[in-house]
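Asker: Residue strings, one per chain:
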Amino acid sequence: MNPYNYLYLSALLFTIGAVGVVVRRNAIVVFMCVELMLNAANLTLVTFSRINGTLDGQVMAFFTMVVAACEVVVGLAIIVAIYRSRRSASVDDASLLKR
Amino acid sequence: MTTSTTLVYLIALPLLGATILLLAGRRSDKWGHLLATFFSASSFAVGLYQLSLMLDRPTEERAVTQKLFTWINVGTFNVDAGLLLDQLSICFVLLITGVGTLIHIYSISYMSHDENRRRFFAYLNLFIASMLLLVLGDSYLNLYVGWEGVGLASYLLIGFWNQKPAYATASKKAFVMNRIGDMGLSFAIMIAFATLGTVSFSGVEEASHTASKAALTAIGIMLLVAATGKSAQFPLQSWLGDAMAGPTPVSALIHAATMVTAGVYLIVRSNFIFDAAPTAQLLVVIVGAITLLFGALIGTAKDDIKKALAASTMSQIGYMILGAGLGPAGYAFAIMHLLTHGFFKAGMFLGAGSVMHGMNDQVDMRRYGALRKFMPITFITFGLGYLAIIGVPPFAGFYSKDLIIETAFNAGGVKGLLLGGAALLGAALTAFYMTRVMVLTFTSKERWEENQHPHESPFLMWLPMAILAIGSVTTGFLFTRGDALVNWLNPVFGEHGEEHGEHMFEPIVVSGMALTAVAIGVAIALAKYQFSKIDSVAPQNVSIFTRIARKDLMQDSFNEAVFMRPGQALTALLVKGDESVVDGAVRGIGRTALGAGATLRKTQTGFARSYAALILIGAIALIAGIWVVTQ
Numbered sequence: 065m066n067p068y069n070y071l072y073l074s075a076l077l078f079t080i081g082a083v084g085v086v087v088r089r090n091a092i093v094v095f096m097c098v099e100l101m102l103n104a105a106n107l108t109l110v111t112f113s114r115i116n117g118t119l120d121g122q123v124m125a126f127f128t129m130v131v132a133a134c135e136v137v138v139g140l141a142i143i144v145a146i147y148r149s150r151r152s153a154s155v156d157d158a159s160l161l162k163r
Numbered sequence: 006m007t008t009s010t011t012l013v014y015l016i017a018l019p020l021l022g023a024t025i026l027l028l029a030g031r032r033s034d035k036w037g038h039l040l041a042t043f044f045s046a047s048s049f050a051v052g053l054y055q056l057s058l059m060l061d062r063p064t065e066e067r068a069v070t071q072k073l074f075t076w077i078n079v080g081t082f083n084v085d086a087g088l089l090l091d092q093l094s095i096c097f098v099l100l101i102t103g104v105g106t107l108i109h110i111y112s113i114s115y116m117s118h119d120e121n122r123r124r125f126f127a128y129l130n131l132f133i134a135s136m137l138l139l140v141l142g143d144s145y146l147n148l149y150v151g152w153e154g155v156g157l158a159s160y161l162l163i164g165f166w167n168q169k170p171a172y173a174t175a176s177k178k179a180f181v182m183n184r185i186g187d188m189g190l191s192f193a194i195m196i197a198f199a200t201l202g203t204v205s206f207s208g209v210e211e212a213s214h215t216a217s218k219a220a221l222t223a224i225g226i227m228l229l230v231a232a233t234g235k236s237a238q239f240p241l242q243s244w245l246g247d248a249m250a251g252p253t254p255v256s257a258l259i260h261a262a263t264m265v266t267a268g269v270y271l272i273v274r275s276n277f278i279f280d281a282a283p284t285a286q287l288l289v290v291i292v293g294a295i296t297l298l299f300g301a302l303i304g305t306a307k308d309d310i311k312k313a314l315a316a317s318t319m320s321q322i323g324y325m326i327l328g329a330g331l332g333p334a335g336y337a338f339a340i341m342h343l344l345t346h347g348f349f350k351a352g353m354f355l356g357a358g359s360v361m362h363g364m365n366d367q368v369d370m371r372r373y374g375a376l377r378k379f380m381p382i383t384f385i386t387f388g389l390g391y392l393a394i395i396g397v398p399p400f401a402g403f404y405s406k407d408l409i410i411e412t413a414f415n416a417g418g419v420k421g422l423l424l425g426g427a428a429l430l431g432a433a434l435t436a437f438y439m440t441r442v443m444v445l446t447f448t449s450k451e452r453w454e455e456n457q458h459p460h461e462s463p464f465l466m467w468l469p470m471a472i473l474a475i476g477s478v479t480t481g482f483l484f485t486r487g488d489a490l491v492n493w494l495n496p497v498f499g500e501h502g503e504e505h506g507e508h509m510f511e512p513i514v515v516s517g518m519a520l521t522a523v524a525i526g527v528a529i530a531l532a533k534y535q536f537s538k539i540d541s542v543a544p545q546n547v548s549i550f551t552r553i554a555r556k557d558l559m560q561d562s563f564n565e566a567v568f569m570r571p572g573q574a575l576t577a578l579l580v581k582g583d584e585s586v587v588d589g590a591v592r593g594i595g596r597t598a599l600g601a602g603a604t605l606r607k608t609q610t611g612f613a614r615s616y617a618a619l620i621l622i623g624a625i626a627l628i629a630g631i632w633v634v635t636q
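Each protein sequence line maps, in turn, to chains A and B. All letters in the first sequence, in the order written, are residues 65 to 163 by our numbering. All letters in the second sequence, in the order written, are residues 6 to 636 by our numbering.
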């Protein structure tokens, strides 16, 4: 199978994630879209690793997973805290920082 | 040149007194005045001792020096803190410490009701020390230290009662006017160093033989500026009248007998410069002649007894400056008039203080009258000073003033006639206004306010007055007997000392003219005041000339219009420039940053999704850019 197809898939996944982040209001959905973008990037790294026959890309992918796991912990905690205080998970409602 | 190790005590003793009194503070209130008087008197004793040593030496070895320490030693600029006592300095030393001690004694009683008497005596001692440094310094730079010291002491003492705003302003005015003169002295020192390479008297004298005339003229003019500031000469004269805000003993010591004569000392000390710079010398006589008439005219219109005496001081110093500007023929006569003036004017100021003491500090002469009966001792001592200043023989002023008038005529030609004429006119005016003071105060009818109880002053006050009165009577005769003072001073003036111009008039003719002028002045004053009614309030419907004279010949209006207002306008302009340009730039930077912030702030909406979109667009743009560039 042509490994370049994986690159097309990852580009597609990344675009879906990016559009989701920009378009959706629900914080959980936005969050999942961010995860989708991260995993699209992971897929690209692994694909290049395969194409070039080196392990660098796979090592990078593991790092990304660890960072993503940490990010999930912090991000979910923030979302839960915001939901508890304002009974809403909309990212547009949490726009008070500038005031 | 003989050296000595004891000169420094002349200065150190009063300086020690001032230090002790200022450091000990209120603890020395009880005995401070006695200590200060003691130190002043002991300085006088050292002065007499030095005189006796000097008299024992032959003429050419009379000047003594003492090197205290190396003061400045930078490259080719070497100044020692050194003292020089010669025939000229010793006259000043004895005048300063002698009259100074008498005035200390007088002040013990005069200031006895003032709770700050100790501070007053500390300043007096500081003044004595500074003034001695001024006349004993062996270089212009050492003189400058004393010059500034007396300026400080004068400022402190004029503003001694600074709780009154007018008095504080008077002291500031005196200080500022003096600073202008001080600038002249510092310029003179700088020019001397730049062109002659030295600032010591002996060094400058040596260099003056070969130096360029332009440099010497510049130094001479700057020294004249210095002299006009310190000696209240035209055009820096206007501070002296206001300086009368100080306690009367201060007026007697600083603003009559000693400090204001420092300018005369400076010119006479710098005789070698003025002899070699005729232009500067001509300016000196012009300043002297103008001031002697200027002061005399102001004196005719003043009702405040101290201000009348101050105007008279200005006028008399004009005579001295005139004498000093007449070159080798006049130096000794200028110093002679300075010494006799020191006696009779200090005596008269103390007399004025005595009158004020007896009249509840009233200074308006129109409120005096008939005090002869109540203050006989003050009347007699003041009267002797009066006879001396108007120049009645054989009192002191007759000899000294007559010699200056005679020398002025001897300047020859039109110059001689003009100067001599001015001096004669000044003598007539002096006779007029001093007679006016005398009549208004002592011999006319009573014009007191109610509840005045005039009384004679206590012993400690009339004793110094009496001693000074004796000096007013005898000094002129003593100084001129066998040309004693002239011969004594001549070695100081180098080889030029013996020159004598041709006589325009015989001395006896000049004396005759002077006495006629005096008689006319006295007669007019007697007719106008003694034999006619005097208003107890100054009449207002008077001629324009009287009005101008009462306003000190518009000296303050002139200074305000020509210097103060343009100065203020310039300052306002500079402030405006500072605010608009310098501050404007600083504020502009701030405003720009603020404005930029306010504009950029609008992009911060607070919506997380718009940030994400921007990041996305940015990333795409970046990648697209890279792609385009690397393609």
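Worth double-checking, as some hints may not be accurate.
Restraint ranges, calculated between C-beta atoms of paired labels, are given here [stated by the list, open to error]: (1) Gln-122(A) x Ser-615(B): 33 to 41 Å; (2) Asp-157(A) x Thr-608(B): 14 to 22 Å; (3) Ala-75(A) x Gly-595(B): 25 to 33 Å; (4) Thr-610(B) x Gln-122(A): 37 to 45 Å.
Think of the hints as simulated: they come from the structure by calculation, not from any bench. Think of the CB as a built atom: it goes at the ideal place given N, C-alpha and C, for glycine as much as any other residue.
Asker: Evaluate each hint against the coordinates.
Answerer: Consistency of the hints with the structure:
{"no.": "1", "hint": "Gln-122(A) x Ser-615(B): 33 to 41 Å", "verdict": "holds, 36 Å"}
{"no.": "2", "hint": "Asp-157(A) x Thr-608(B): 14 to 22 Å", "verdict": "holds, 20 Å"}
{"no.": "3", "hint": "Ala-75(A) x Gly-595(B): 25 to 33 Å", "verdict": "violated, 49 Å"}
{"no.": "4", "hint": "Thr-610(B) x Gln-122(A): 37 to 45 Å", "verdict": "holds, 40 Å"}
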